[in-house]
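Here the protein sequences line up with chains G and L, keeping their order.
Per my numbering, the first sequence starts with residue 1, numbered consecutively.
Per my numbering, the second sequence starts with residue 1, numbered consecutively.
Each statement offered as a hint is correct.
In the SDA-like style, the derived pairs of lysine to any residue whose C-alpha atoms are separated by at most 20 angstroms in a straight line are:
#1 G:46 to L:304
#2 L:301 to G:39
#3 L:301 to G:42
#4 L:314 to L:46
#5 L:351 to L:131
#6 G:23 to G:69
#7 G:23 to G:166
#8 G:23 to G:66
#9 G:46 to L:303
#10 L:301 to G:43
#11 L:301 to G:47
#12 G:46 to L:298
#13 L:326 to L:59
#14 G:46 to L:301
#15 G:46 to L:300
#16 G:46 to L:229
It is worth saying that the hints were derived from the structure and are not from the lab.
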Amino acid sequence: MTTMTIAKAINEGLRATLKNNPKALLMGEDIGALGGVYRVTEGLKKEFGADRVVDTPLAEAGIIGTAIGLALRGYHPICEIQFDGFVFPGFNQITTQLAKIHARSAGQLSTPVVIRIPYGGGIGSIEHHSESPEALFAHTAGLRIISPSNAHDAYWMIQQAAACPDPVIVFEPKRRYWQKGEINTDDPGLDPFQARVIHPGTDATIVVYGPLVPVALAAADAAEEDGHSVEVIDLRSISPMDFETVSTSVEKTGRLIVAHEAPTFGGVGGEIAARISERCFYALESPVLRVGGFHMPYPVARVEEHYLPDVDRLLEALDRALAY
Amino acid sequence: MAEAQLPTTEFDLTGPDDAREALAEAEAGAPEVHMVQLLDEHGNLHHDGTFSPYLQRLDAEKLRSFYRDMATIRRFDQEATALQRQGELALWVPLTGQEAAQIGSGQASEPQDYIFPTYREHGVALTRGVDLAQLLRLFRGISHGGWNPKDTNFHLYTLVLAVQTLHAVGYAMGIQRDLASDPDAVPAAVMAYFGDGASSEGDVHESMVFAASFQAPVVFFCQNNHWAISVPSEVQSRVPLVNRAAGYGFPGIRVDGNDVLAVHAVSQWALEHARSGAGPVLIEAFTYRLGAHTTADDPTKYRLAAEEDKWRAKDPLVRLETYLRKENLVDDAFFAGIRADGDELAGYLRKATLAMTVPDIRASFAQVYAQAHPLVTEELEWVERYQASFPDAAESVDERNGGAA
Ligand SMILES: Cc1ncc(C[n+]2csc(CCOP(=O)(O)OP(=O)(O)O)c2C)c(N)n1
Ligand SMILES: [Mg+2]
Chain G
1 MTTMTIAKAI NEGLRATLKN NPKALLMGED IGALGGVYRV TEGLKKEFGA DRVVDTPLAE
61 AGIIGTAIGL ALRGYHPICE IQFDGFVFPG FNQITTQLAK IHARSAGQLS TPVVIRIPYG
121 GGIGSIEHHS ESPEALFAHT AGLRIISPSN AHDAYWMIQQ AAACPDPVIV FEPKRRYWQK
181 GEINTDDPGL DPFQARVIHP GTDATIVVYG PLVPVALAAA DAAEEDGHSV EVIDLRSISP
241 MDFETVSTSV EKTGRLIVAH EAPTFGGVGG EIAARISERC FYALESPVLR VGGFHMPYPV
301 ARVEEHYLPD VDRLLEALDR ALAY
Chain L
1 MAEAQLPTTE FDLTGPDDAR EALAEAEAGA PEVHMVQLLD EHGNLHHDGT FSPYLQRLDA
61 EKLRSFYRDM ATIRRFDQEA TALQRQGELA LWVPLTGQEA AQIGSGQASE PQDYIFPTYR
121 EHGVALTRGV DLAQLLRLFR GISHGGWNPK DTNFHLYTLV LAVQTLHAVG YAMGIQRDLA
181 SDPDAVPAAV MAYFGDGASS EGDVHESMVF AASFQAPVVF FCQNNHWAIS VPSEVQSRVP
241 LVNRAAGYGF PGIRVDGNDV LAVHAVSQWA LEHARSGAGP VLIEAFTYRL GAHTTADDPT
301 KYRLAAEEDK WRAKDPLVRL ETYLRKENLV DDAFFAGIRA DGDELAGYLR KATLAMTVPD
361 IRASFAQVYA QAHPLVTEEL EWVERYQASF PDAAESVDER NGGAA
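Taking the hints into account, I'd like the entire structure generated from these sequences.
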């Protein structure tokens, strides 16, 4: 057991990957001498050299596209996108190529590329630095999408992503980078594509992932004071989605609230709501409710507290669910 | 290298695998490119067959205005940095070192021209008449824009690198159509600003392809300030960036970006070239970002103090001051006046910043579409009901909003 921040845990996970897999390499903007704008790759260039920790020219299509080529040649590139809002120059490469080469080649070729994207808001930043675009990628078959919420998962999930034969996008909750937690370096515990019940309860289920996990736990504590027992699930993986764990919980509680920072319209929460409504129709005592961002570009920093789901917004949804 | 010149933070610039070293060697082996310079770092004039004649157009007042604008924008930079340090701005993007590149090119533009900046072009904004306080709105986190581009033909800052180079070409294609359909239309050109880092983005390539294909009246103005955050410009291009123009089939000029006279002359030439219908031009302004990338950046992690010192000796303000004094075009009162104006500007910026209204999320809903959108309306109604459900909500929201929504 050792305690460290999420950023450091990813750093250690990357270090372990570079050590264990000679074909693994890191690519991105400012990841070398600077160690990335969030210092997640700090010290790695010094330790593994410029061939394994590559400061690329400034071009996201270039990063993803060449990572695909490297993967075709047997390498395992782990790409860093500097901020969520800057992945889009690489979107073409991700959705038309990375996601589809396995299918196109009838399984002959695989492109085990990992893309790390710091995502989400709450950091008081300027435009394009606070977005949650996971649904845009989840909609594309061929990509696996995970989001760790704590140091232990961060340490293990980046390594599991790197070992996966499919492309994996790791959405890293940047506003939680400095959150500390314990890591069991001997045992990952779960498969990266499984959800985890992190707070048991009986009256309602709240499903969250990434940056909203601490918010949901705080909401569960607050609800407990009001006499409501809330089960909290950390989804961990967005594609595939662990409907088994969620539906087992909902069969017990009868109520489900899904929350994410991304806008609710067309979001991941809608998919969970639809699937769980099908699976748990007779167990549900209220409609599945969603709490999320609004149908607008991510707002300016001074407004974001009114945009981001917080404990009050979760409790308001809980009240509505319990009122049925 | 003397020990004292090394930054104190641990970093790894040295070693056989260092990109900068290897690539600098590659560049050293590449053919030298001519760099237009009219005023050297000691304040001496040099002759250039093509561009020296442009100096004839400048009277003493114009020369003084170059200095005044450069000093003003450097002061602005210092004040904005101070406001950030005091927590009044979320972030600041300093331009110190790049004053000549920005004031020289900005002053070369005409009112009918249209400018697409990236995010560091505060100096260009000044020359276009943008209220400097409005530039701070984005960095205070109360606006994604901050000014009306139609007032000054200075577009909003664009934070996704390089995308605006294509917008610039499209805008220029619009100018071509206006000129073709209206014989009285005033010829105009477009300036697209981008950095050495952004030059690697595919959008820049496509913008140059389109500009060349349609002979669009656009001037690509690349400020090569030698760094893209921590990545040296050699990683983006092994040969002088300006050489790319030849591949697209239009003129490219490297200019000393710290020489305001040369930047102004070259920019005037390029804008006239574009306005005359002769097609695009690429200007590479060879300059240096003397400060951090942003107030969140720490350059000691990736570059040597000695390099900064080398460029500090090429300060664009110092060389123009030397020249102006030598030519007896200024006196001490001129500089004292600029300092006094700077103090006034500082006071104005502080007051304006503190007085900026904190926006309400209701405004964010209102701005999404030009035409009412039912989902936005529904969500807004929900937010209003939700906020009203808190006992003290009504007043506090109104307060934040400075009154009505
Ligand atoms: C598409 C995109 N990718 C990454 C970034 C993050 N980023 C912001 S500034 C910067 C470096 C830009 O360097 P350069 O183009 O040379 O401009 P300078 O900052 O030197 O003015 C990077 C990588 C971004 N804003 N947009
Ligand atoms: Mg640069």
